[in-house]
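Trainee: Listed below, chain by chain, are the residues.
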Amino acid sequence: MADSTVASVKSIVGTPLPLITKSDTKPTWCPGCGDYGVVAAVEMAVKKLGLPSHEVVIVSGIGCSSNLPHFLSSYGFHSIHGRALPVAEGIRWANHGLTVIGTGGDGDGFGIGAGHFVHAMRRNVKLTYVTMDNQIYGLTTGQASPTSMMGQKTKSTPRGVIENPVDPIALALASGATYVARGFSGDVKHLADLVANGLRHRGFAFIDVMSPCVTYNKINTFDFFRQRVYKLESSGHDPTNIVTAWQRALEWGDKIPIGLFYKTDRPTYEELEEVLLQGPLVHQPAGLKGHESVLDEFI
Amino acid sequence: MTEISIRTGGSAGDGIASVGEMMVRCFSRMGRHAFGLNAYQSVIRGGHVWFQARATDQRPHSQGDGCDILYAMTPETVEIHSAALRPGGTLVYDPEKFPVAADKLPPKVHALEVPTLAIARKYSTQPILQNAAGLGASAALAGIPLEVLHEVVRDSFGRKAGDVVQWNVEASAAGYQHALNHGHVLDHTLSKAGAPKLLMTGNQAIALGAAAAGLKFLSQYPMTPASSIMHWLAAHSSDLGIVVKQAEDELAAINMAIGASFGGVRAMTATSGGGFSLMVEALGMAGMTETPLVVVESQRAGPSTGLPTKTEQGDLNLMLGAGQGDFPRAILAPSNPAEAYRQTIRAFELAEEFQTPVLVASDLHLSENFMTVDREEIPLDVPVPSLFAVTPNGHDYHRYAYTPNGVSPRSLPGQPGLQYVAGSDEHDEKGHLISDVRSGVPTWVSERARMMEKRMGKLKGLLAASEPPVREGPATADLTFVAWGSTIGAVRDAMAVLAAQGRTTNLVRVPTVFPLDGPALLRLLAPARRTLLVELNYTAQFGRLVRAETGLDLSTRLLKYDGEPIYPFEIVAKAMEVMNHGG
Chain A
1 MADSTVASVK SIVGTPLPLI TKSDTKPTWC PGCGDYGVVA AVEMAVKKLG LPSHEVVIVS
61 GIGCSSNLPH FLSSYGFHSI HGRALPVAEG IRWANHGLTV IGTGGDGDGF GIGAGHFVHA
121 MRRNVKLTYV TMDNQIYGLT TGQASPTSMM GQKTKSTPRG VIENPVDPIA LALASGATYV
181 ARGFSGDVKH LADLVANGLR HRGFAFIDVM SPCVTYNKIN TFDFFRQRVY KLESSGHDPT
241 NIVTAWQRAL EWGDKIPIGL FYKTDRPTYE ELEEVLLQGP LVHQPAGLKG HESVLDEFI
Chain B
300 MTEISIRTGG SAGDGIASVG EMMVRCFSRM GRHAFGLNAY QSVIRGGHVW FQARATDQRP
360 HSQGDGCDIL YAMTPETVEI HSAALRPGGT LVYDPEKFPV AADKLPPKVH ALEVPTLAIA
420 RKYSTQPILQ NAAGLGASAA LAGIPLEVLH EVVRDSFGRK AGDVVQWNVE ASAAGYQHAL
480 NHGHVLDHTL SKAGAPKLLM TGNQAIALGA AAAGLKFLSQ YPMTPASSIM HWLAAHSSDL
540 GIVVKQAEDE LAAINMAIGA SFGGVRAMTA TSGGGFSLMV EALGMAGMTE TPLVVVESQR
600 AGPSTGLPTK TEQGDLNLML GAGQGDFPRA ILAPSNPAEA YRQTIRAFEL AEEFQTPVLV
660 ASDLHLSENF MTVDREEIPL DVPVPSLFAV TPNGHDYHRY AYTPNGVSPR SLPGQPGLQY
720 VAGSDEHDEK GHLISDVRSG VPTWVSERAR MMEKRMGKLK GLLAASEPPV REGPATADLT
780 FVAWGSTIGA VRDAMAVLAA QGRTTNLVRV PTVFPLDGPA LLRLLAPARR TLLVELNYTA
840 QFGRLVRAET GLDLSTRLLK YDGEPIYPFE IVAKAMEVMN HGG
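Protein sequence lines, in the order shown, are assigned to chains A and B.
Residue 1 is where the first sequence starts when you use the numbering used here, and the numbers rise one by one after that.
Residue 300 is where the second sequence starts when you use the numbering used here, and the numbers rise one by one after that.
Chain A extracted, bound-state conformation:
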């Protein structure tokens, strides 16, 4: 925040406005948490696109990973559990000149917020949604999450999980998402590219990041993923093919694909909403002055 105060002064004399940086708030995540890689990747991606920090809004829900907006110098909205996406959509529609990034965890996005996840994708609202998927509830000290694997023992499932996990990639494909990717927080450069391409994408870009919880998930660890992940882009996968995207989405075992599963081109919600074609709402005229004829129907 201190840096950005200087920025507003500089902007008056025409110096380029500063790019996103780390804020003066230090992350409170456990040492070794996967989310450090994600915040680094988001920062790199936003920088790569040359977006000034005041034109970026990072919106999150609640959970360890949802603290992310505090650690970067952009605008942020740290909302309530599960509601990052509707808040982000509202911000985007109020001012679609802004770059809006949604962040959060697997509980936030695929549990309590699952309904919003599906609908944001079918709308193809232009947002980049980065989930830090650690397959566990961390902040509440280790209960099963919607993506915990069958049989996993947690505080809430001492005899093991007996529900099939949500497959976020398959759910995204089924919901009509136009950019579907999986990243790994152990490969920050690869992840930063996925996020940067998501930011460039025409519409909703979903990046599910396998971001291990080093404290509460002793199964899906960095080693677990290092032994299994392979990159779709070096395996001949065609991300424009929905059929093979589905096949890759269903792979979860000895081999776990990361990279871009699917990408297609479809108009965004903002491009189809007539009112927004007139420019960002925040800059449009408001009120009924000059609209006196609106009363005619009441006569």
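Note that these hints are calculated values from the structure, not bench results.
Mixed in with the good hints there might be a few duds.
DSS-like mimics (lysine-lysine), calculated; alpha carbons at most 30 angstroms apart, straight line [claimed, not checked]: (1) Lys26/A <-> Lys189/A; (2) Lys47/A <-> Lys407/B; (3) Lys26/A <-> Lys753/B; (4) Lys22/A <-> Lys753/B; (5) Lys459/B <-> Lys407/B.
We have chain A; now place chain B onto it with these hints.
Mentor: Then chain B, alone, in the frame of chain A:
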């Protein structure tokens, strides 16, 4: 007082609402103040629905009691409503549809057989045209000029293709002529009285008020009786430049509105009690992040799904208590469309000025029924500030800076150098969390208390800026009514009835239910000999609030919770009982 009420009843799908709306519009076109009650059920076809169009030479504030003309499209309508016919009135029906025994009618009430189906058949195989014939007959008996009726019919069907408009005009003329030839025109009629009045529902007034206040974004999930706010704004979305988003649920609806408001536009959501229950957590977030927000809560009879198409004032406790912890809010409760327009504009101003949620408490009775307003009561020239133009001082910007009134300068995303994170967690002046590593540390413990005091301090300003309690009628009276919201309408009409009987009453009403101006309320009630609290809920929720805020127990009460609107006669009866025998 000259009063004419035309009641139409039938089954859902018969077009009762559109006939009723045309009836009440005839009166408003004549320059008369009128009220239109649309009583319907949660069915698409069948059941029993009815509409009452009421006009007076004064200003009706409710549907009134009884009717002068009853146009019955079903035998059930005769069963249910014929007792409401006043002497000199007429039952209009078509004997081809069903017979009516003469002994079914109250004394001095006429029955007029109108061949509505036969008239309809002249034009179309669709029996719906019978409505036009019945409408015409009813209008004739009510003394409505034929040219007014035709103007209303033409305008109502103006968008329909082909011969539909002409058929309706001719069928209504045939019904009109039949009634003049064979019926008894009321001996008390209303003449034209100047320019047409505007006729609108409470929800239309709320939507219009929101638009006038600069609304740019509405997100809403369908729920009776709030849905027509979305319908009106959606229909005007393009011409007024307002984004209308039907959300996937009420959780999304309120969170989208909060996001849009944070993004810099005036935003609103609207719902009924069930949907509002889902919005509760986000309402607190608007309070905590100090994001302006307007929420319309149009109450219907609860609990749970309750009676979806029936009215109640049963959500006051919910609105007062919605959300964990304490945060400042205001609850404005308009009593009629003119006030709904004004109060909705005020809600946006208060939400913006105090950066906190403001609720507009409506109910089905206000939201969905029609009332006339004078053109001057709907001033469109409302100042709408451009939020983006107001840039807080960039030097050492603190989004949640402590200020004497608790309101801090708000930056908008896109404004350089003023970035902050709006957090639902407790935070310091800069917006940095004090909920994790700082929580419980002495410095931050006192910071938390200070931040609570900053936010809650806004209540003082909200109270000062809100419309205080109002007394209507003489300072001293035999009985003082206390009421809020749409119930005020029937109380006003009851006061007129009581005045005609020589009983002096007055009313203390509360446009701003919260924060409640207790001292002002006590001052207004101090001269009261007796009070009668009138509310549409089981537990006297407003009475409880008054007692909590002032210690005053409004123990004499008329409470109604059967889903029906309150009628003036019910209030008159209770008032007489209280005045004659005490509470």
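Trainee: Hints first: check each against the structure and report whether it holds.
Mentor: Hint-by-hint comparison with the structure:
1. Lys26/A <-> Lys189/A: Holds - the C-alpha atoms of Lys189/A and Lys26/A are around 22 angstroms apart, at most 30 angstroms.
2. Lys47/A <-> Lys407/B: Distance ~86 angstroms between Lys47/A and Lys407/B Cα, so the pair is violated.
3. Lys26/A <-> Lys753/B: The hint holds at about 26 angstroms.
4. Lys22/A <-> Lys753/B: 29 angstroms, holds
5. Lys459/B <-> Lys407/B: 41 angstroms, violated
The structure shown violates the earlier hints numbered 2 and 5.
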